[in-house]
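2 protein chains.
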Amino acid sequence: MIENKNQSRTSLEQLGEFGLIDHLTANFPTQQESTIKAIGDDAAVLSFDKDEKTVISTDLLVEGVHFDLAYSPLKHLGYKAVVVNLSDICAMNATPTQITVSIAVSNRFTLEALEELYEGIKLACNYYKVDLIGGDTTSSQTGLIISVTAVGKAKKEDLVYRNGAKDNNLLVVSGDIGGAYMGLQVLEREKQVFLVNPNNQPDLDTYDYIIERQLKPEARTDIKQLLKDLDIKPTAMIDISDGLSSEIMHLCTQSEVGCNLYEDKLPLDPQFISTCEEFNIDSTTMAINGGEDYELLFTISMEDFEKVKANPNLSIIGHTTPKDEGIHLITRANTKIPLKARGWNHLSNESGEN
Amino acid sequence: MIENKNQSRTSLEQLGEFGLIDHLTANFPTQQESTIKAIGDDAAVLSFDKDEKTVISTDLLVEGVHFDLAYSPLKHLGYKAVVVNLSDICAMNATPTQITVSIAVSNRFTLEALEELYEGIKLACNYYKVDLIGGDTTSSQTGLIISVTAVGKAKKEDLVYRNGAKDNNLLVVSGDIGGAYMGLQVLEREKQVFLVNPNNQPDLDTYDYIIERQLKPEARTDIKQLLKDLDIKPTAMIDISDGLSSEIMHLCTQSEVGCNLYEDKLPLDPQFISTCEEFNIDSTTMAINGGEDYELLFTISMEDFEKVKANPNLSIIGHTTPKDEGIHLITRANTKIPLKARGWNHLSNESGEN
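In the order they appear, the protein sequences are chains U and L. Per numbering that gives the first Met the number 0, the very first residue in the first sequence carries number 0; after that it's consecutive. Per numbering that gives the first Met the number 0, the very first residue in the second sequence carries number 0; after that it's consecutive.
In isolation and in its complexed conformation, chain U is listed as follows (with noise of 0.2 Å):
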């Protein structure tokens, strides 16, 4: 939206087969004491301690389907994209260490958008000391599609998986939901103003804290030493980028517990609360369902409670039940109704990962 328009345009073509991928990734230095070798070979060579476990996730993002070039600078995406595949690491409260990223762009690109995209991959690598160490790149009919695969160390004792959730635990989440989600909403609309009246200029002043939870992201690699400070092992841990509501009955699930969740303790932004009502939408509906909060879900034993409950970074949103009690959430007006899933269905058209 606010990208300069009189920018230099070189067309891939001129670069050649390998000049393209020497060139986005020749300002990667490597940071991690694990990365043997990056870039530059057949693999990359990692090389982690004794009693290391490697942790390994992997997204595809594609452009009309997980993100939208109209309001998404290429910097950011980049960043993003990074971000997302992070996240799935902190989830498994391991250390993120190094990425791969391939991409495929079609040739209305030029290879001064690559650089902007790979400007933001590499501020999230530098932001978040992960090292860049391979990829591929080439060709798509249509738009950008990138692939990140991310890796990540933790020690076997440090690992918190989905299913070991007990009944009574308490079930938290970190930072506030329903942003990135919101965020979305107004760029959206935004956009339809922008094709009605393309002089009119947008102010998004109003809006900022949840367009940078959408465009811009992080991912929680501080939880990790947080809830080490704290003194306390998650039982269970999810990201909820997927959506808050469909995160929990994966964690249930695989638990094989129950579960309440109260409507009046998810943590909200004053601003997500403000846009809801802007938009004439029911905030917890938004907050549940939406997506793309990089935030964690976990769940810890009752005796943890005294360490988390003044933590303004963690907030307490229920708690395990027996497994045939069901998946509830508990309204503000103390009814309890069953929790559906609703999540994004990227088979309709809208994001999900897996």
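Be aware that a few hints might be false.
Since the list can't tell identical chains apart, any single copy or any two copies may satisfy a pair.
[Unchecked claim] Here are the simulated EDC-like cross-link-like pairs (lysine to aspartate or glutamate), alpha carbons at most 20 Å apart as the crow flies:
id : residue 1 : residue 2
1  : Lys154    : Asp50
2  : Lys49     : Asp157
3  : Lys154    : Asp204
4  : Lys49     : Glu111
5  : Lys306    : Asp228
6  : Lys74     : Glu305
7  : Lys339    : Asp21
8  : Lys339    : Glu12
9  : Lys154    : Glu32
10 : Lys190    : Glu114
11 : Lys190    : Asp157
12 : Lys264    : Glu111
13 : Lys339    : Glu262
14 : Lys155    : Asp175
15 : Lys128    : Glu324
16 : Lys165    : Glu189
17 : Lys322    : Asp175
18 : Lys155    : Asp50
In short, the hints are calculated from the structure, not lab data. Here the structure is a predicted model, which means the values were calculated and not measured.
Following the hints, put chain L in place on chain U, whose structure we already have.
Quick look at chain L alone, frame taken from chain U:
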């Protein structure tokens, strides 16, 4: 070409968001001891022995760029998508152990079509004893995109990089070359015939070997053991998926050596030669510039000549020289011409990987 047209057709929408990936990956038991957690959490968890390094490579295959479903059966395609990545692990003299597979599909694909694809992936996993440990399914606006990341292991002392070749090393290639590219030419020709006359039944028996080289290649996972048995450690190694010529140039450039490649030493299959004659094209040009032969190119010390010379799996095709002598092809007529890396230019809509 010989697919059953009476298959049932289940649309992807019928399965819902999480049903699809669960369904497709339901029958992938793990076989590797190093796989601690495969599919089913935010990330996979691997555990390698303390003296083993982790090796990682990734590739993106795009419909219309890397494959044409008019003549690539989906089962073969799934198999090949795995093989392509395992080959990169082999090129480090490492042993492949795990893969992740992500796909983006448009809704013209049915569930049954994706089951075929995963059947091929499973065949490859079983044959090469690698575990499917993760992935992602999403929608695409056009066509099929497959992203595979392969993980492998190797002891530090076994790893071979591209940059270790010394002056006066022997240049060795496994198997034979050019077949995959000529197989593709035959398939392209038959596709054109089919478009003109859909009732024409092609007789492809004469081309069985080169078509198999194209549609169902194998990764040379056997070479690591073969070299160990021969008591040889290569000084440098690379896979020749982008064409012998360009890979020789990569190896020589990174190793800072020159090279003489001998035309009369190129290992060519009789079927490849006869097909080149039929198409009236020069077999040497095809052999050194055609791609997708998932063979390994490596350099060894001159002292290892006796160990290699009679091995039916290996061909000595030249030797390295000081860097300033350049990279040349010595023709049958004993003329010396500079080697050019034509490779496959993926930005002009042909295949290529890095």
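At most 20 Å between alpha carbons: which applies to Lys190 and Asp157, within, between, both or neither?
Neither: 44 Å inside a copy, 55 Å across copies.
Practice item. If the cutoff is 20 Å on CA atoms, where do Lys339 and Glu262 land: within, between, both or neither? Let me know, please. Key: Answer is within: at 14 Å inside a copy they meet the 20 Å cutoff, but 67 Å across does not.
Item to check | Status of Asp21 relative to Lys339 across identical chains (alpha carbons, at most 20 Å) | outcome: between (47 Å within a copy, 19 Å between copies)
Under a CA distance limit of 20 Å, which applies to Lys49 and Glu111: within one copy, between copies, both, or neither? Classified as neither: same-chain Cα gap 42 Å, cross-chain 43 Å, threshold 20 Å.
Worksheet item: Using 20 Å as the alpha-carbon threshold, which applies to Lys155 and Asp175: within, between, both, or neither?
Response: neither (29 Å within a copy, 45 Å between copies)
Review point. Given a CA cutoff of 20 Å, do Lys128 and Glu324 count as a within-copy pair, a between-copy pair, both, or neither?
Key: neither (43 Å within a copy, 42 Å between copies)
Quick one: Lys339 to Glu12, C-alpha cut-off 20 Å, is that within a copy, between copies, both, or neither?
Between copies only: 18 Å across, 49 Å inside.
What label fits Lys165 with Glu189 when the C-alpha limit is 20 Å: within, between, both, or neither?
neither (45 Å within a copy, 61 Å between copies)
Notebook entry, point to check: How would you classify Lys322 and Asp175 at a CA-CA limit of 20 Å: within, between, both, or neither?
Noted result: Classified as neither: same-chain Cα gap 27 Å, cross-chain 59 Å, threshold 20 Å.
20 Å Cα cut-off: does Lys49 pair with Asp157 within a copy, between copies, both or neither?
both (15 Å within a copy, 18 Å between copies)
Reference check for the pair Lys264 and Glu111, CA-CA at most 20 Å: within, between, both, or neither? neither (46 Å within a copy, 44 Å between copies)
query = Quick one: Lys155 to Asp50, C-alpha cut-off 20 Å, is that within a copy, between copies, both, or neither?
reply = So Lys155 and Asp50 pass the 20 Å test inside a copy (7 Å) and across (18 Å) alike.
The earlier numbered hints that this structure contradicts are 3, 4, 6, 10, 11, 12, 14, 15, 16, 17.
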